[in-house]
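K.L.:
Chain residues, written in single-letter form:
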Amino acid sequence: MNNLGKEIVNEDTMKGKFLTFTLGKEFYGIDICYVTEIVGIQPITVVPELPDFIKGIINLRGQIIPVMDARLKFGKIVKEYNDRTCIIVIDVNELSIGVIVDAVAEVLTLSEENIVPPPMVGGSGRKYIKNIGKNNEQVILIIDSGALLNQEELENIQDYSD
Amino acid sequence: MYSEYIDEAMLQAYIHDTTQIIEKIEHLMIQNEQVEVLSKDVIDQVFRDVHTIKVSSATMMYNNISEIAHVLEDLFSIIRNDITIKYDLSMLTDLIFEGIDFYKIELLKVSNNQLVDGDATNLKDNINIFIDEIRLTNNLDTTDNTIEISDQYYINKKEDNVKCYYKIHLMFDDGCEMENIRAYTVVQNIMEKTDVVYYQPNNIIEDESTMALIKESGFNMVIKTELSKVILEEILNETIFLESLTVNEITLDEFDVLSILYQTEIFEEPIKDTEIELPIEKDNIIMTETPVDNKVIGVSTEKLDALMNLVGELVIAESMVTENPEVTELKIESFDKASRQLKKLSGDLQDMVMGIRMVPLTTTFLNMHRVVKDMNTKCNKEVTLEVNGESTEVDKNIIEKLKNPLIQIIRNAIEHGIEPPAKRTSLGKSNQGLITLQAENSGSDVLIIIKDDGKGLNKKLIYDKAIKQQLISSNMEDLSDSDIYQLIFHPDYSTHNNEIENREHDISMHVIHEILESVGGGVIVDSIPDKSTTVTIKIPLTQAIIEGMNLKVGQSRFTLPLMTIKESFRPKHDDVFKDPSGNEMIILRGSCYPILRLHEYYGIATKVKKCHEGILVMIEENEKSICLLADELIGQQQVVVKTLPGYIKAQKNIKGVSGCTLLGDGNISLILDVKQLNNFNKVEVIQ
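In order, the protein sequence lines correspond to chains A and B.
Each residue of the first sequence is one higher than the one before, starting from 1 at the first, in our numbering.
Each residue of the second sequence is one higher than the one before, starting from 163 at the first, in our numbering.
I should point out that these hints are in silico values taken from the structure, not numbers from a laboratory.
Among these hints, one or two may not hold up.
Between beta-carbon pairs, the in silico distance windows are [to be verified]:
{"id": "1", "chain 1": "B", "residue 1": "LYS769", "chain 2": "A", "residue 2": "ASN150", "range": "32 to 42 angstroms"}
{"id": "2", "chain 1": "A", "residue 1": "ASN82", "chain 2": "B", "residue 2": "GLU762", "range": "29 to 39 angstroms"}
{"id": "3", "chain 1": "B", "residue 1": "ASP335", "chain 2": "A", "residue 2": "ASN150", "range": "29 to 39 angstroms"}
{"id": "4", "chain 1": "A", "residue 1": "ASN93", "chain 2": "B", "residue 2": "LYS817", "range": "53 to 63 angstroms"}
{"id": "5", "chain 1": "A", "residue 1": "ASN82", "chain 2": "B", "residue 2": "GLY744", "range": "38 to 48 angstroms"}
{"id": "6", "chain 1": "B", "residue 1": "LYS771", "chain 2": "A", "residue 2": "VAL39", "range": "31 to 41 angstroms"}
{"id": "7", "chain 1": "B", "residue 1": "LYS771", "chain 2": "A", "residue 2": "ASP52", "range": "16 to 26 angstroms"}
{"id": "8", "chain 1": "B", "residue 1": "GLU405", "chain 2": "A", "residue 2": "THR109", "range": "50 to 60 angstroms"}
C-beta atoms are modelled at their ideal positions from N, C-alpha and C, and glycine is treated no differently.
Let the sequences and hints guide you as you build the complete structure.
P.N.:
See below:
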């Protein structure tokens with residue numbers, strides 16, 4: 001019974017909060033409840049035979065976390081990593097993965113009316129967008145974390161694995 | 163409503179303890195199958211055990227279990243009182259086994275959170291009939307020594323229908339927990355035998371805070387009843403975890419005053435803790451009463467797993483400190499000394515923790531006796547089981563998985579392997595079949611050998627069936643004996659016709675093979691036609707920590723299990739050649755081995771492209787050897803095996819990689835799966 005109380009409290013404080021990051025000129029957001037931590041870019045151990053966007057694995061204080069490059073995942077040109085590059089570790093359904101992004105911006109609170117469903121346009125990367133958020137004049141593409149970790153993608157990326 | 167309060171830990175403790183007691187009783191009865199009469203010690207032991215089951219099941223409100231225990235207790239109390247009492251031992255044994263089977267089913271329901279609703283009235287009646295028979299044959303009178311309320315006319319000196327009033331105060335043992343629930347149980351117990359009960363604190367079910375109150379100041383009741391003080395005390399003394407009990411006779415007036423007080427008092431005293439949560443640390447509660455068990459403590463396996471993980475991390479962290487390149491360069495002697503000490507201590511700690519998880523095979527093996535007995539009855543055969551090496555220890559996780567395969571193998575041996583007594587005599591064998599179950603250590607594995615002296619495997623039959631089911635296409639002469647025998651592990655190889663019931667409980671040889679592979683072991687079968695069949699199960703001592711040899715390929719690091727390495731060497735340029743199909747090979751001391759270039763296999767960029775510039779490591783598995791080309795050997799290290807992250811495993815099964823580990827310098831090294839590497843191009847080794 002105590003846990004129930006705690007969960008309700010957590011959801012309220014976490015609802016509507018997004019961690020925003022940049023890829024090039026675009027702003028993206030992830031639901032804060034999935035974000036476990038943010039670390040700076042660190043040496044990645046390559047694991048063979050994985051699709052291109054999965055760069056390998058890292059050692060995070062003894063825990064082994066796979067990392068994917070967000071640029072490659074969303075079909076953008078790859079950029080060299082610099083000291084602003086960060087890895088956002090997200091945890092969905094007990095699967096942890098790190099997402100390599102250009103830079104991390106801030107934690108934004110978006111109210112319900114500022115969140116609208118995405119437009120029905122095609123193109124790679126669009127299937128990961130859950131919603132569109134508006135912050136003043138800034139457009140934020142809110143990412144569906146579940147879809148990011150989805151394995152159906154495997155069929156769509158057959159070309160990478162060969 | 164009640165079951166909400168029985169928390170998980172208490173349930174686990176109950177299941178664990180009751181399972182142990184049932185096994186104990188079962189072993190005792192099996193050991194004593196052949197004796198004429200049960201010894202006093204055995205009877206006493208079973209009586210105590212059954213009593214414990216009765217009480218603990220009643221506390222947990224599993225009344226059907228408790229009732230059976232109650233009648234069994236009655237049965238044993240009769241025969242323990244007088245050692246000369248005659249009874250039919252095999253009937254007794256059968257009844258007990260029926261009871262045990264009933265318990266096993268009910269306990270399974272308990273652990274699966276299902277309704278514990280088994281109906282054992284048949285069994286109860288049978289036991290009662292048996293008890294009456296004993297009484298009749300031995301001319302015992304029908305009164306017995308157990309406390310029954312209907313016997314009160316022997317002891318109660320007061321006249322009938324005179325009501326007495328008592329004030330009762332009880333204190334529970336320190337640390338028994340759930341005092342409010344126990345108090346409620348007591349009230350329930352008493353209520354059946356008395357007219358009126360008032361108790362304080364009176365909101366024991368609704369209010370958890372009453373638990374602390376009862377813990378400190380005890381539990382009070384006033385009752386109105388016809389029972390005498392002595393009987394009342396006897397009833398209350400049966401309460402489990404009772405520390406102290408005071409029963410005082412009071413007058414009607416006092417009763418009236420106290421009853422009003424207990425009914426209306428609502429406790430608003432501020433309790434010291436803000437929330438009284440249901441207790442969590444229950445794992446150490448032992449529900450059995452025999453003093454011998456006090457040397458053993460039950461610990462949940464989750465805690466052990468967490469402990470193992472922590473120790474694993476400690477080993478890694480210790481390597482990261484002591485092998486830090488910048489520190490080792492400084493060559494400080496006192497630091498070296500201290501780090502050697504640290505290494506030794508963490509090594510000892512690791513050994514000890516791994517040892518904790520090791521459990522002897524004794525219980526598992528002893529349970530097989532029961533299986534043999536049941537199969538004997540079912541198949542009308544006579545088979546004895548000989549057990550050796552049962553004190554060999556195996557990781558607890560693995561033992562759980564071993565049970566079903568072992569049972570299935572023994573059932574197969576009796577059902578299909580061993581011939582009926584008549585046939586055996588005609589073949590010149592003894593009419594009793596023999597199965598030997600043996601466990602022994604072999605290197606870093608444990609071997610369990612099950613051998614029966616039955617008719618062995620019929621190669622022709624297996625081959626024909628396999629051809630019919632299109633499992634293989636080679637000729638029989640091309641296959642070795644062991645190849646044919648291994649066919650029975652093929653997923654599509656279907657076993658025999660449905661002769662005996664319980665098919666649903668059977669598992670196929672393929673499933674057995676999979677189960678064993680999943681713990682890192684294996685199973686092989688051998689046979690001498692008409693003489694014997696031998697099934698050998700191989701299981702690793704532990705899966706988590708292995709001795710590894712680290713290799714460098716380009717920027718990547720790999721680790722090979724040390725035991726798979728036969729040798730490593732730098733070849734001469736001319737030793738390496740290509741066979742007609744283009745596969746690289748090397749000849750070493752007359753034998754030819756294929757070469758697997760790791761950098762090509764995994765697509766790693768490296769400067770070392772020629773064999774004579776790198777190092778060849780010969781690995782062997784299941785008598786097949788190949789050579790791996792790596793840049794260099796880094797060194798030997800004890801590594802903690804970690805599985806690849808779930809996300810990666812879900813994406814793809816990476817060939818040749820079975821896990822990963824952290825090296826001393828913080829880098830990640832991939833652990834190579836020798837079995838998969840061996841099959842990299844399925845080339846036959848020319849020897």
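K.L.:
Take the hints in turn and mark each one as holding or not.
P.N.:
Going down the list of hints, with the structure as the test:
1. At roughly 39 angstroms, the beta-carbon separation of B:LYS769 and A:ASN150 lies within the given 32 to 42 angstroms, and the hint holds.
2. In this structure the hint that A:ASN82 and B:GLU762 lie 29 to 39 angstroms apart at CB holds, the actual value being about 33 angstroms.
3. Between B:ASP335 and A:ASN150, the C-beta spacing of about 54 angstroms breaks the proposed range 29 to 39 angstroms.
4. At about 27 angstroms, the CB distance of A:ASN93 to B:LYS817 disagrees with the hint of 53 to 63 angstroms.
5. For A:ASN82 and B:GLY744, the hinted distance range of 38 to 48 angstroms is satisfied, since their beta carbons lie about 44 angstroms from each other.
6. At about 36 angstroms, the beta-carbon gap between B:LYS771 and A:VAL39 stays in the expected band of 31 to 41 angstroms.
7. Here the CB-CB span from B:LYS771 to A:ASP52 is close to 24 angstroms, well matched to the stated 16 to 26 angstroms.
8. One distance hint, 50 to 60 angstroms for the beta-carbon pair B:GLU405 and A:THR109, holds here, with the actual separation near 57 angstroms.
Figure legend: structure checked against the earlier numbered hints; hints not met, in rising order: 3 and 4.
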